[in-house]
Amino acid sequence: MKSLTQSIFLEGGGHAVLLLHGLSSSPLEMRYLGRFLRDEGFTVCAPVLNGYSAGTGGETMEHWLDAATSEFDALAARFDRVSICGLSMGAALALALAHRRPQAQAVVLLSLTLAYNGWAIPWYRFLLGWAYYTPLRSRWQYRESEPYGLRNEALRAKIARSMQRSNFSEVGPSTIALPALHEASRLASLVRSQIRGIRNDCLVIHAIDDETSSPRTAQSAALALGSTFLRTIYLDDSYHMITSDNEREIVARETASFLRESEAASGSGEPRSPVVSKALARRLRQLAAIGKDDA
Amino acid sequence: MPGTAFCIAAVLVQYHFGLAPALTVMLAGLGLADYLFVPPYVTIAVFDRADLLLLVSYPVVTLVLITLLEKLRRVQFRAELIAAVAQSRYEMLLRHDNERAIARRAIDETHRLLRHLSHHHKTFILIQALEREPLRRNGAGTASALAVASHAFAGLPADLAPGPRLSEVDPDDIRRLSNGLSAGSHRVRFAAGSNLAGGTARVVDCICEQFTTHAGDFLVLRVATDT
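Chains Z and V are the protein sequences, given in the same order.
Just so you know, the numbering used here puts 134 at position 134 of the first sequence, and the rest follows in order with no gaps.
Counting from 1 along the second sequence, just add 1000 to a position and that's the residue number in the numbering used here.
Simulated from the structure, these hints should not be mistaken for lab results.
All the given hints hold, so there is nothing to weed out.
To list a few chain V residues with every Cβ distance to chain Z over 12 Å, as calculated:
#: 1; residue: ILE1044
#: 2; residue: THR1067
#: 3; residue: LEU1069
#: 4; residue: LEU1114
Rough simulated footprint, nothing fancy, chain Z against chain V, three-plus residues with beta-carbon under 8 Å:
#: 5; stretch: 1079 to 1086
#: 6; stretch: 1096 to 1110
Every residue gets a Cβ at the ideal spot worked out from N, C-alpha and C, and that includes glycine.
Whenever a hint applies, use it, and build me the whole structure from the sequences.
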């Protein structure tokens, strides 16, 4: 377990990206994305957050946020621009962090989870909220089961073997403690109350078959965000773990592309690529017209 | 049927608010319909054939309609999600298409520059590399490549490479061009004693063209006519 829960830091250019993994998991689930971003010229930091990451004990969500903030500040002290990218509950943490540090260049929300309402979540899931206030708090643990957030069956079988062998895998632990789930619910409530105040450039990527977090979460978050540069991408060949599943290449490529565009739009990076394609120019005009209608 | 109004209400609530509120309205409607519209009115103490008819027909009809509507709403939601995926993919396709078009344009420009080099190389005065952010490219960019060539010509900035005719140009004009070369027509003085001027200083029309290639932007200054 110890070797699985090490921070990842990949030095690149002047634009750093803070990658926040999912609840009680490890930076391993962001490894592919991190390497891709490094190859695209970004500096990447996927830290182990005390009390939030696997094997670091249980802390309150205020501690999670403090740990993420100190990682952000450390990057901001060294690099010109820092963006935040979160997966699952890490995306909720990214939003809370963006609210606390509005100078963040951009926020990337992958499989944003503000409620456990996907199709694989059992109907009695809401009882866990109450179970926290019973002696079950320290005795019961939520056990991950098929499909482990993966649509790719070969990868799913590999993860299942890994979980049986060591209770941990590259897409997360086999169990999550009840206090961690309770703190995650508190974090989600905090984010819901703050989301309208977030004005950073924002990319939302969500799978329509997400078994943990319904795509309604992404839709409502996209509507609530106050960002002027907002892009939403829906995937149809992945489940919850979109950084490891069938469409991970698309996720990585679109994340890198969005971060570059955000940098160019703010005038701090290389100039924005000109629009040469007539079809793209037409589509951008359509989107601008929709934006005007909505306003 | 006494429960018709409540059945319609439950269906409307199902359409606008979902299954759980619709079931609530249906159950509330069952009690209200029995109380208000089934004789004897305004009492629920008596249970007869009319009550039994309401108890069977109203929930069955309402549940069938609500279930059907719920199924249709789910299919509609699924279709909307698939449409959102299609839209996402279309926009990704357009962005990649744009990148391909930009790359193709840069390749065309590179070919134009190569043709230019082969056709007019005898009339070149100098080539300047334009880099947006030279420092960010770790010195591996076009400016550093030209810097090697510029060493051969004392006093020439690192982003300029000399052409075959540069040695004939008046030093003051070289300084002027080094500081602010731009695409378009220029008039350049050729120094006395050059074969072009025939022993006396002479102003020559030159042309500067810009090439946006995949390796960077270049300005090429050459004599307008091969004299």
